[in-house]
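2 protein chains.
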Amino acid sequence: MKIHGPADKVLLPAGFRFSFATAGIKASGKPDLALADAPAGACAAATFTLNRMAAAPVLAGKEHLKTGRGRLRAVIINSGNANCATGAPGLRAAKDTCAALARALKINPSSVLPSSTGIIGVPLPVNKILSAIPRLVAGLAQGEQALRSFGKAIMTTDLTPKLASASFKTRAGTVSIAGVAKGSGMIHPNMATMLVYIFCDIAAAPAALRRQLKAAVEVSFNAISVDGDTSTNDTVLLLASGASGVKLTIPGVAAQFARALRAVCASLAEQVVRDGEGAGHLVRLRVEGARSSAEARRVARAIANSPLVKTSWAGCDPNWGRLFSTLGNTGIPVDPARVRISIGPHRVFDKGKVKAFDRAAAHAVLKRPEYVITVGLGLAKASAEFLTCDLTEEYIRINAEYST
Amino acid sequence: MKIHGPADKVLLPAGFRFSFATAGIKASGKPDLALADAPAGACAAATFTLNRMAAAPVLAGKEHLKTGRGRLRAVIINSGNANCATGAPGLRAAKDTCAALARALKINPSSVLPSSTGIIGVPLPVNKILSAIPRLVAGLAQGEQALRSFGKAIMTTDLTPKLASASFKTRAGTVSIAGVAKGSGMIHPNMATMLVYIFCDIAAAPAALRRQLKAAVEVSFNAISVDGDTSTNDTVLLLASGASGVKLTIPGVAAQFARALRAVCASLAEQVVRDGEGAGHLVRLRVEGARSSAEARRVARAIANSPLVKTSWAGCDPNWGRLFSTLGNTGIPVDPARVRISIGPHRVFDKGKVKAFDRAAAHAVLKRPEYVITVGLGLAKASAEFLTCDLTEEYIRINAEYST
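From first to last, the protein sequence lines stand for chains A and B.
Quick note on numbering: the working numbering labels position 209 of the first sequence as 209, and the sequence is numbered without any gaps.
Quick note on numbering: the working numbering labels position 283 of the second sequence as 283, and the sequence is numbered without any gaps.
Hints in this document: simulated from the structure, not taken from any laboratory.
The beta-carbon is built from N, C-alpha and C at its ideal position, and this holds for glycine as well.
Be a bit skeptical, because a hint or two may be false.
Facing chain A, according to a computed beta carbon distance under 10 angstroms, are these residues of chain B, among others [as the list claims (entries may be wrong)]:
1. Thr49
2. Pro123
3. Asp227
4. Thr230
5. Leu327
6. Asp335
7. Gly352
8. Glu394
9. Ile398
Generate the whole structure from the sequences, applying the supplied hints.
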């Protein structure tokens with residue numbers, strides 16, 4: 001299996017077309033509409049935000065996946081407006097967008113998934129989108145460049161486009177997976193959403209795709225945090241064209257696909273954290289000795305969301321007492337006499353005992369752009385890896401900017 | 001009932017003596033030991049941190065209150081070292097401190113409550129404390145000045161001393177309550193603890209004091225947040241000398257006492273938030289329409305701990321969508337169609353509908369040093385008020401400083 005990053009050639013799945021347009025939703029005049037379509041028979045799975053204030057496009061997308069029984073032909077994304085807290089008119093705007101696109105593509109409205117990202121609580125300028133749909137559809141094209149442009153049109157304050165692809169060979173042919181993402185914790189005023197679109201050419205039923213996506217998301221997008229806020233619009237979509245002719249049900253293929261999908265998701269998730277607003281360090285938290293990997297992730301998330309811990313990382317400060325204190329607030333029955341903490345290779349706390357560690361060496365680890373912090377809970381044998389970043393003055397500067 | 005702040009004359013409860021000393025725990029050479037004592041028969045109640053990594057003095061203090069059945073004669077506090085993550089030697093250090101003080105005061109070791117605040121994971125220099133105890137005891141004195149010096153010796157990075165007092169008249173005499181606090185979210189490297197000592201001269205049994213303290217803490221110290229981190233050392237102590245001769249059991253007195261205690265706690269809690277590290281604005285969150293006041297506080301706490309919301313306050317930005325999004329992550333079944341949000345007097349979201357509000361006027365509210373944000377959940381009739389502050393670049397600067 002090969003895994004390619006943003007700088008590499010895209011391992012392009014067959015069967016998809018991509019397009020983008022500038023509808024004038026963003027004040028900056030940058031592209032703010034993106035479209036992808038898939039051939040008849042394409043199937044999809046998606047995971048959506050758990051935020052109860054879910055935006056209108058999330059509600060519409062869920063409904064369409066349900067009524068269409070996982071058959072999906074197109075996804076349309078606008079940036080610059082979240083279409084959230086917009087009530088019944090917002091839902092109508094999302095549906096009108098799908099209906100207009102469906103007419104243009106001669107497909108069923110329920111086979112369109114809409115996404116939005118941007119400011120909350122401002123009516124979606126839906127007429128700008130409707131006017132742009134003809135040229136958006138006219139621009140649909142295959143190929144690497146079309147996918148890259150699609151990926152750029154969904155960016156908001158991301159500093160870099162996020163792209164990963166993988167392919168693997170089977171007896172029945174080659175399968176490719178390519179995904180693009182826009183960042184979460186790209187928390188420019190009003191823009192806090194993570195959107196991910198993963199395209200693949202395997203032939204698979206929606207239920208099998210859902211299982212595959214759920215497993216991959218759990219250890220990738222659900223194992224990162226920039227600032228602990230879950231947006232109203234988060235969406236991860238997996239769309240399968242079937243164009244490779246390789247069926248997921250062929251023995252051995254599901255395991256290969258799972259590995260490749262996980263690698264694509266992990267790469268995109270890491271790219272999102274690396275590009276976190278103001279982030280100075282990528283921190284790999286390894287939590288070991290938990291009773292379940294979900295518990296390990298819960299502990300990691302608590303550490304990753306502590307302002308005190310995150311600011312100590314910004315200062316390259318081996319002040320592990322803050323992390324120790326955070327462990328005590330997780331609701332998990334941690335016992336200091338079983339806990340171990342390491343900064344890079346330096347054990348600083350060992351089962352109730354402070355280790356006389358080399359502060360200068362630990363400080364040197366924390367000055368690196370990327371490092372590992374290991375926490376052993378000593379409860380059982382489950383573990384998890386979690387990616388996060390520090391909390392810097394730059395984050396505050398960006399997010400305290402006035403929104404208008 | 002009168003309530004006096006830090007600049008007013010202290011309404012001093014009878015029966016207490018106070019002292020302070022410089023033991024050399026703090027590198028700065030500032031006072032780092034404080035002592036208060038009470039006459040025989042004094043009773044106490046305390047609430048401690050819920051952090052499972054509770055420091056040694058918290059463990060020792062809980063044990064002493066239990067074995068002494070709430071009879072307490074003295075409290076000794078050191079700043080500069082938290083005596084946390086210090087294992088068995090740390091617990092021994094806390095107990096040795098109590099034993100030495102008990103010998104000097106000719107009282108039972110279990111009638112001493114120890115407190116510590118400072119860096120986690122560094123052995124407590126207990127010999128420095130033991131050496132200082134004789135001069136600490138020799139310095140015990142009554143009066144307002146002695147209490148003020150006690151209050152200053154427990155400060156770490158607090159910019160201002162925190163002090164509040166109240167008194168009320170009964171047919172049996174006058175009762176006075178005076179409390180001092182050091183800040184939480186005074187989160188200088190390693191110093192994240194809130195310590196509160198409240199002295200009163202009512203005559204009351206420990207169980208009654210516990211009920212009084214619990215009720216007052218719930219709506220004061222449990223209704224504030226600076227950065228969402230719960231320290232390993234948090235302690236709120238209520239110590240009653242009985243020297244007023246007024247019994248809490250006299251009809252009507254318990255209600256008067258509850259009002260006065262609540263006022264003292266509320267004043268101290270507000271002083272703590274006002275002095276939060278880097279805080280530029282004091283935000284009064286009013287959450288209404290909840291199913292219980294605990295639920296209202298839970299919602300308020302989620303808002304108060306969102307970095308996205310806190311940075312928008314730092315920027316005086318009426319970007320209420322961030323707050324709206326936070327509501328969706330509380331786990332409470334909020335329905336956008338019932339939610340109301342106001343910035344000061346300006347309703348910005350009303351039951352599913354965005355209000356066309358005056359952005360300039362809302363911005364002007366948010367530029368004030370202190371303002372109210374009201375959130376109506378529309379679920380039922382319970383409410384809560386919660387105090388918090390913004391998240392500024394100054395907070396990051398202070399907390400990213402290298403700890404050594």
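So, B/Asp227 near chain A? Judge it on the closest CB pair being under 10 angstroms.
With a minimum Cβ separation of about 5 angstroms from chain A (threshold 10 angstroms), the hint on B/Asp227 holds.
Evaluation of the interface hint that places B/Leu327 against chain A, nearest CB under 10 angstroms:
At 6 angstroms from the nearest chain A Cβ, B/Leu327 passes the 10 angstroms test, so the hint holds.
Does B/Thr230 meet its interface restraint, that is, does its C-beta lie within less than 10 angstroms of any C-beta in chain A?
holds, 5 angstroms
Classify the hint on B/Asp335 as holds or violated, based on whether any CB of chain A lies nearer than 10 angstroms to its CB.
The hint holds - B/Asp335 has a Cβ within 10 angstroms of chain A, the shortest such distance being about 8 angstroms.
Can the hint on B/Thr49 be confirmed by a CB-to-CB distance to chain A that is less than 10 angstroms?
holds, 8 angstroms
Hey, does the B/Glu394 contact hint survive, CB to chain A under 10 angstroms?
Holds, because the Cβ-Cβ distance from B/Glu394 to chain A comes to roughly 9 angstroms (cut-off 10 angstroms).
Chain A contact restraint for B/Ile398 - C-beta distance below 10 angstroms
holds, 8 angstroms
With a cut-off of 10 angstroms, does the beta carbon of B/Gly352 approach a beta carbon of chain A closely enough for the hint to hold?
Holds: closest Cβ of chain A sits about 4 angstroms from B/Gly352, inside 10 angstroms.
Please verify that hint: B/Pro123, Cβ, nearest Cβ of chain A, below 10 angstroms or not.
holds, 7 angstroms
Figure legend: structure checked against the earlier numbered hints; every hint is met.
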